[in-house]
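Visitor: When you get a sec, could you build the whole thing from the sequences and use the hints?
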Amino acid sequence: MTASDLKTSVPQSSTTRAVRRFPFELALSGLIAIAIIAGAEIAARKGWVTPLVLPAPSQIWAALVDGFGSGIYLDNTFSTLWSVVVGFLLGTAVAVVLAGILSSLPFLEKVVTPFVVAFQSMPKIAIAPLIIIWFGFGEVSKIIIVLTVCFFPILINTLHGLKVRDRDHYELFKSLGATRWQMFFRLRLPHAVPYIFAGLHIGVIFALIGTVVAEFVGSNSGVGYLMLQAKATFDTPAVYACLLILMLMGMLLHFIMVQIETRVAFWANDITQANV
Amino acid sequence: MLRSAQDSVAPRNGDVVLRIQGATKIYASLSGSATALLPVTSEIHAGEFVSLVGPSGCGKTTLLKMCAGLIAPSAGHITFADTGNSIAPGKFGFVFQAPALLPWRTVLSNVVLPADILGLDRGAALERARALLASVRLTGSEGKYPRELSGGMQQRAAIARALLHDPDILFMDEPFGALDAMTREDLNMELQRISQNQHKTVLFVTHDIEEAVLLSDRVFALSAGPGRLVETIDITLPRPRSLSVKGSPEFTQAVARIRALLNREEAQP
Numbered sequence: 001m002t003a004s005d006l007k008t009s010v011p012q013s014s015t016t017r018a019v020r021r022f023p024f025e026l027a028l029s030g031l032i033a034i035a036i037i038a039g040a041e042i043a044a045r046k047g048w049v050t051p052l053v054l055p056a057p058s059q060i061w062a063a064l065v066d067g068f069g070s071g072i073y074l075d076n077t078f079s080t081l082w083s084v085v086v087g088f089l090l091g092t093a094v095a096v097v098l099a100g101i102l103s104s105l106p107f108l109e110k111v112v113t114p115f116v117v118a119f120q121s122m123p124k125i126a127i128a129p130l131i132i133i134w135f136g137f138g139e140v141s142k143i144i145i146v147l148t149v150c151f152f153p154i155l156i157n158t159l160h161g162l163k164v165r166d167r168d169h170y171e172l173f174k175s176l177g178a179t180r181w182q183m184f185f186r187l188r189l190p191h192a193v194p195y196i197f198a199g200l201h202i203g204v205i206f207a208l209i210g211t212v213v214a215e216f217v218g219s220n221s222g223v224g225y226l227m228l229q230a231k232a233t234f235d236t237p238a239v240y241a242c243l244l245i246l247m248l249m250g251m252l253l254h255f256i257m258v259q260i261e262t263r264v265a266f267w268a269n270d271i272t273q274a275n276v
Numbered sequence: 277m278l279r280s281a282q283d284s285v286a287p288r289n290g291d292v293v294l295r296i297q298g299a300t301k302i303y304a305s306l307s308g309s310a311t312a313l314l315p316v317t318s319e320i321h322a323g324e325f326v327s328l329v330g331p332s333g334c335g336k337t338t339l340l341k342m343c344a345g346l347i348a349p350s351a352g353h354i355t356f357a358d359t360g361n362s363i364a365p366g367k368f369g370f371v372f373q374a375p376a377l378l379p380w381r382t383v384l385s386n387v388v389l390p391a392d393i394l395g396l397d398r399g400a401a402l403e404r405a406r407a408l409l410a411s412v413r414l415t416g417s418e419g420k421y422p423r424e425l426s427g428g429m430q431q432r433a434a435i436a437r438a439l440l441h442d443p444d445i446l447f448m449d450e451p452f453g454a455l456d457a458m459t460r461e462d463l464n465m466e467l468q469r470i471s472q473n474q475h476k477t478v479l480f481v482t483h484d485i486e487e488a489v490l491l492s493d494r495v496f497a498l499s500a501g502p503g504r505l506v507e508t509i510d511i512t513l514p515r516p517r518s519l520s521v522k523g524s525p526e527f528t529q530a531v532a533r534i535r536a537l538l539n540r541e542e543a544q545p
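These protein sequence lines map, in sequence, to chains Z and F. Take the first sequence: its letter number 123 is residue 123 in my numbering, and every next letter is one higher. Take the second sequence: its letter number 234 is residue 510 in my numbering, and every next letter is one higher.
There may be inaccurate statements among the hints.
Quick list of in silico lysine-lysine cross-link-like pairs, DSSO-like style, CA-CA up to 27 Å [to be verified]:
| no. | chain 1 | residue 1 | chain 2 | residue 2 |
| --- | --- | --- | --- | --- |
| 1 | Z | Lys163 | Z | Lys110 |
| 2 | Z | Lys163 | F | Lys522 |
| 3 | Z | Lys163 | Z | Lys174 |
| 4 | F | Lys367 | F | Lys341 |
| 5 | Z | Lys174 | F | Lys522 |
| 6 | Z | Lys110 | Z | Lys174 |
| 7 | Z | Lys163 | Z | Lys124 |
| 8 | Z | Lys231 | Z | Lys46 |
| 9 | F | Lys420 | Z | Lys174 |
| 10 | F | Lys341 | Z | Lys163 |
| 11 | Z | Lys124 | Z | Lys231 |
| 12 | Z | Lys110 | Z | Lys124 |
In short, the hints are calculated from the structure, not lab data.
Guide: Below you can see the structure in the form of structure tokens.
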């Protein structure tokens, strides 16, 4: 019996197949990337497009080397990363705790839900100028904007996950006389973990967007601020260099989230491959 | 009925553990009210294996959950032993049709869950969980996650979990309904062995008449529309019973009798 039972477990065959096919796909992606960069380089050198629109990739590279060499890029990258991480962590903490409270108190949830819906319908980015008025230029405003922007997707997803849908699980806990506290920490919260991660994946990218917008509207540090300065002097290569930094930052944050998720929510099916 | 009388834990063998007095269930709906179960009055004794059998909609699961105190009866009452109250949470084990294992816990951790909730000694619980897993032939699967097990193995783990806190009564709601015939017979034999060895009172819901006769000391035949207890049938086949008992005349007679009872009820609503 055990031999046949094991077959029904984790689908090992498909994973090995995916691993075997991977190098070819990666090679193709790499080839396309090289073709695009080479094409851009040729187009720029031949003067097909003005460098104001599309500078040569070599110029962008030079801007990157220059910026990191002088330390300006590194400082501002850390400034951006710091706001993203702090704002995101604070937003996550507030969202998860609030979701826990709301889902445990149905009355309060009903009262608060219209406000959540109203605020959620509003583009959060739009309150950035207001927050700058309230808290002034700088770090504090930046972090508060990030917190506000990434808070809602995490709250909504966590609320969703904290609802117990499995009647058997609920009755099992009831049959053992579980307290509300036990029901929350041993059933509803673990059940919500994959949902929370769905919110975190959106939230972390929102946090990056929030940071850049905050740096656009009211800050004197960060990659967004660098970009504005580069724009002001028509330094297009530096604008592209900043975009590249932001892209890499987004990829890094996403990668870290996936790594954490595979460790924490490993029991939920296909978590890492669901959105590929 | 061959039953050893070594049961040392209270309630003792033969004592009434569940007294069902006029238990009724009426569900209120928008279009009025629907009667799920007409008044049932009966008694269930310690160490007894009782099956509730009948077609869907006969209220067998409702009766089971009322006995376990998970649903309150609309009228009448069901009391546990001589407490005068319904059975307290934590004093019984419940096995659902689906295994209902928590996917984020390992098999061993799932079986230990009742101890976590009830605040029992963890070391002793782990030891008992390992022994129970061995008795349901799941040794070696302790560290696996539910999704790595087959349906039959998951249901065996669920039975081990229901027994962890040494409950007075084991309630089972069509526990083998979703399994294939082979696995089901396999688990039937296992359940008989466990209930005999541990002298458990079992209340077992099924729609399979043969399964009910094979396992039970008594069968409650229920009929639908509205649900009601039609008759209680004693099954006196000697224990332990093997699957070959299904070929015996006593077995076939009992099955035929229950089937006739249920069919007659269906013919004249």
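Visitor: Check whether the Cα positions of Lys163 (chain Z) and Lys110 (chain Z) lie no farther apart than 27 Å.
Guide: 14 Å, holds
Visitor: Between Lys341 (chain F) and Lys163 (chain Z), does the CA-CA distance stay at or below 27 Å?
Guide: Judged against 27 Å, a Cα distance of about 23 Å means the pair holds.
Visitor: So if I understand the rule, the pair passes when the alpha-carbon distance is 27 Å or less; does Lys110 (chain Z) with Lys124 (chain Z) pass?
Guide: 22 Å, holds
Visitor: Does Lys341 (chain F) lie within 27 Å of Lys367 (chain F) when you go C-alpha to C-alpha?
Guide: 14 Å, holds
Visitor: When you check the alpha-carbon spacing of Lys163 (chain Z) and Lys174 (chain Z), does it fall within 27 Å?
Guide: Roughly 16 Å between the alpha carbons, so the hint for Lys163 (chain Z) and Lys174 (chain Z) holds.
Visitor: Need the status of pair Lys163 (chain Z), Lys124 (chain Z): alpha-carbon distance at most 27 Å?
Guide: At roughly 26 Å apart (the allowed maximum being 27 Å), Lys124 (chain Z) and Lys163 (chain Z) satisfy the hint.
Visitor: What's the verdict on Lys420 (chain F) and Lys174 (chain Z), does the C-alpha distance respect the 27 Å limit or exceed it?
Guide: Given that 27 Å is the threshold and the Cα spacing comes to 25 Å, the pair holds.
Visitor: Holds or violated: Lys231 (chain Z) and Lys46 (chain Z), Cα atoms, limit 27 Å.
Guide: 24 Å, holds
Visitor: Assess, step by step, whether the Cα of Lys124 (chain Z) is no farther than 27 Å from the Cα of Lys231 (chain Z), and give holds or violated.
Guide: Holds, because 25 Å separates the two Cα atoms, which is no more than 27 Å.
Visitor: CA of Lys110 (chain Z) to CA of Lys174 (chain Z), is that 27 Å or under?
Guide: 24 Å, holds
Visitor: Would you check the hint for Lys174 (chain Z) and Lys522 (chain F), treating anything up to 27 Å between C-alpha atoms as holding?
Guide: At roughly 37 Å apart (the allowed maximum being 27 Å), Lys522 (chain F) and Lys174 (chain Z) break the hint.
Visitor: For Lys163 (chain Z) and Lys522 (chain F), compute the direct alpha-carbon distance and say whether it is at most 27 Å.
Guide: Distance ~45 Å between Lys163 (chain Z) and Lys522 (chain F) Cα, so the pair is violated.
Going through the hint list in order, the structure does not satisfy hints 2, 5.
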